[in-house]
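Q: Next come the chains, spelled out residue by residue.
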Amino acid sequence: MATAELPTTHRAGLPPEPEMHPLILNKHGLVSIGDAIGGVVLNTKHPRGWWIGFLAGMAMLQILAISVAWLFYMGVGVWGINVPVAWGFAIVNFVWWIGIGHAGTLISAVLLLLHQKWRTSINRFSEAMTIFAVMCAGLFPLLHMGRPWFFYWLYPFPNVAGVWPQFRSPLTWDVFAVTTYFTVSLVFWYIGLIPDLAALRDQAQKRWQRILYGLLSLGWRGSAIHWRRYEKVYLILGGISTPLVLSVHTVVSFDFAVSIVPLWHATIFPPFFVAGAIYSGFAMVVAIMIPVRKWYKLEDFFSDHHMDIMGKVMLATGFLVTYGYFSELWMAWYGHSLYEWGTTMERMFGPYGWSYWCLIGFNCAFPLTFLWSKKIRTSPFWMELICISVLIGMWFERYVIVITLTREYVPAQWGKYAPTIWDYGTMIGSLGLFLTLFFLFIRYLPMISITEMRELLPRKQGGGGGHSIMENAP
Amino acid sequence: MTPTTPTVTPGTGHDAAHGHHGPPPEPTVFGLLAEFETADGMTNAAIKVQAAGYTRYDCFSPYPVADAADAMNFPKSEMGTVMFVGGLTGACTGFFMQYYLNAYGYSLNVGGRPYLSWPSFIPITFEMMVLTAALTGLFGLMALCGLPRYHHPLFNVPAFDRASRDRFFLCIELIDPKYDAVATRAFLNDLHPVSVEEVPE
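These protein sequence lines map, in sequence, to chains A and B.
End of the first sequence = 504 in the numbering used here, gap-free, step of one.
End of the second sequence = 191 in the numbering used here, gap-free, step of one.
You may find that some hints are simply not true.
Examples of chain B residues toward chain A, derived with CB under 7 Å [said to hold, decoys possible]:
#	residue
1	Ser51
2	Tyr53
3	Pro54
4	Ala56
5	Ala58
6	Leu121
7	Leu128
8	Leu134
9	Pro138
Mimicking DSBU-like on lysine-lysine, the simulated pairs with C-alpha atoms at most 35 Å apart in a straight line are [said to hold, decoys possible]:
#	chain 1	residue 1	chain 2	residue 2
10	A	Lys490	B	Lys38
11	B	Lys38	A	Lys147
12	B	Lys38	B	Lys66
13	A	Lys327	A	Lys490
14	A	Lys57	B	Lys38
15	B	Lys66	A	Lys147
Some chain A residues well away from chain B (every beta-carbon gap over 10 Å; in silico) [as the list claims (entries may be wrong)]:
#	residue
16	Thr74
17	Met90
18	Val108
Keep in mind the hints are simulated off the structure, nothing from the lab.
A virtual CB, placed ideally from N, CA and C, is assigned to each residue, including glycine.
Chain A extracted, bound-state conformation (with noise of 0.2 Å):
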């Protein structure tokens, strides 16, 4: 460790360590960094904890394969949809994933142009979300087009036909959107676990572990030099993710906002979706992170004074999200549109009225009333509840905007969707396939930035001071 006298005075024009709270807490160095977090990695034997969610997530997985083959063999009609309710559950999951994986981007990309720099415990491990988010919300589409296997239909290609597709539809933009999304986070994950392969390669004791992670970290020596490229590119890539996690639901609601539906063609669709997102993103990762650090001993990274900050982004855009349903209502109402209204009160005390209240309980009442409290925001079996009460009223406000489509203009548009058995057979076998997704990757990558931590370090315990990209890349 490196513990050597420094010298006192810096080179001049660096701006003074910043002042914050301890973000890692205890006496942590340079080594002592890399071994609790590398170490997960590269120590064969696994805490109960993680046999028990890998288990879970496999046997779910095996639910969705069920599902899926049946419905190769039978087609889409084993699902519930029919007209009005076309889409039923496949959208509903595909914007419920899509929106958990934007808090992987809102919290490596947003996050770092703010300085924030608690950000740093909890990037590596939401990037890593926002992949297998975005891998089972594509799911759903694929699914849903009954012939997956042409899929590249959607795509613009030369074929025989001469058939381009329509790239006024904000279905084509949907398409671009979600495949830029999930390339580009990937890169983005993968640039900034280059290093800390690197630092596996050196660490790891094992033969295979040292070919397997000298193979993906590309030959990484930590080259000044390369540093300073590669701090550029990371920036750069945080830069175009603001924009891009913004766009990708801002598309995902013109799917519904550029309909004529009532309810749905409403100009406060894109921010709406966009909190709502980072509202269920930032539960996921919550939920995931508290039993997580408990397993592996994670807590000196994920402290409670992570929570609490999560807690406090998850009540303002709890609270966005509630004035979302507000607006809603009240546009509604003031612009005197009798379908609006009339389909207001449907959706309010309808057949499917209940679903609207699930939606109210576990998206505002519950959560929004405790996470006021600091003391709620840092106990994790309060967290643990308030994200999950999150997580399923997020699913509800979705379910409660598809189901918008049995209650339409004139009583002879109206009828009703029931998803089936195969629904719910995909929709949990979905998150069967996060899960599994989740706990090989806890195993097989580090979960925490080594490289980054080691950054976040004071510098008289060897680190960079919080020095980091947003200081050096210019």
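Got chain A sorted already, so can you dock chain B onto it with the hints?
A: Just chain B now, kept in the frame of chain A:
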């Protein structure tokens, strides 16, 4: 801190795994590697190495040390330009692809809107810009840094493993015009390193 004697002597750096075909090559040296305990030690050394007129040297650290890159007179990376050009290419391609395909490739008249209804082409233009900028960022970074490269001579030095953990290194390469096996070593020893080692090629 007293400098230690080199643990690797020239010419012994090759192990059988790197097997060369034909006669064994001339024993060569890649450069001299100085190890420092702190980032500041490395940075101060880099300032002096730069002042002494060396041009072919590099610093290595487990996390980015901006001062070292500044000291090496590499104040600004090229990556901004690379990604800008990449992004601009993607944006132009995206826009004209949409215009061409919806106007000429498969003319779509939707509600009498003009073929060049550019506002509806903006989302995909933006997405294509971000996509290509990110990909040029990744591949540009790899190309400029010469990665992947799995067999760099520095990896021949066992102590270099700590460059990704807790030690900071500075390596002056043999190809530097000012390099001199004796004088450069003496110069590096004056910079208070933990050790100075010869890096076998």
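Q: Confirm or reject each hint.
A: Comparing the hints with the structure gives:
Because the smallest distance between the Cβ of Ser51(B) and any Cβ of chain A comes to about 5 Å, under 7 Å, the interface hint for this residue holds. The restraint placing Tyr53(B) at the interface with chain A holds, with a minimum CB-CB distance near 4 Å, inside the 7 Å limit. Taken as an interface hint, Pro54(B) checks out: its beta carbon lies about 4 Å from the nearest beta carbon of chain A, inside 7 Å. Hint on Ala56(B) holds. Least Cβ distance to chain A is approximately 4 Å, under the 7 Å limit.
At about 4 Å, the closest approach between the beta carbon of Ala58(B) and any beta carbon in chain A falls short of 7 Å, and the interface hint on this residue holds. Because the smallest distance between the Cβ of Leu121(B) and any Cβ of chain A comes to about 4 Å, under 7 Å, the interface hint for this residue holds. Look at Leu128(B): its Cβ gets to within about 5 Å of chain A, closer than 7 Å, so that hint holds up. This hint holds: Leu134(B) has a C-beta 6 Å from the nearest C-beta of chain A, less than the 7 Å allowed.
Checking Pro138(B) against chain A: minimum C-beta separation of about 4 Å stays under 7 Å; hint holds. A distance of roughly 23 Å separates the Cα atoms of Lys490(A) and Lys38(B); the hinted pair therefore holds under the 35 Å criterion. Our distance criterion of 35 Å between C-alpha atoms is met by Lys38(B) and Lys147(A), whose separation comes to about 32 Å. In summary, the hint linking Lys38(B) to Lys66(B) is supported, as the alpha carbons are separated by about 20 Å, within the 35 Å threshold.
Straight-line distance between C-alpha atoms of Lys327(A) and Lys490(A) comes to about 24 Å, which keeps the hinted pair within the 35 Å bound. For the proposed pair Lys57(A) and Lys38(B), the alpha carbon gap of about 33 Å is at most 35 Å, so the pair holds. Of the supplied pair hints, the one linking Lys66(B) and Lys147(A) holds, its CA atoms being roughly 24 Å apart against a limit of 35 Å. The beta carbon of Thr74(A) sits about 20 Å from the closest Cβ of chain B, which is more than 10 Å, so the claim that it is off the interface holds.
Separation of Met90(A) from chain B is adequate, the least Cβ-Cβ distance of about 32 Å exceeding the 10 Å criterion. For Val108(A), the condition that its CB be more than 10 Å from all CB atoms of chain B holds, with the nearest at approximately 33 Å.
Checked against the numbered hints listed earlier, the structure breaks none of them; every hint is satisfied.
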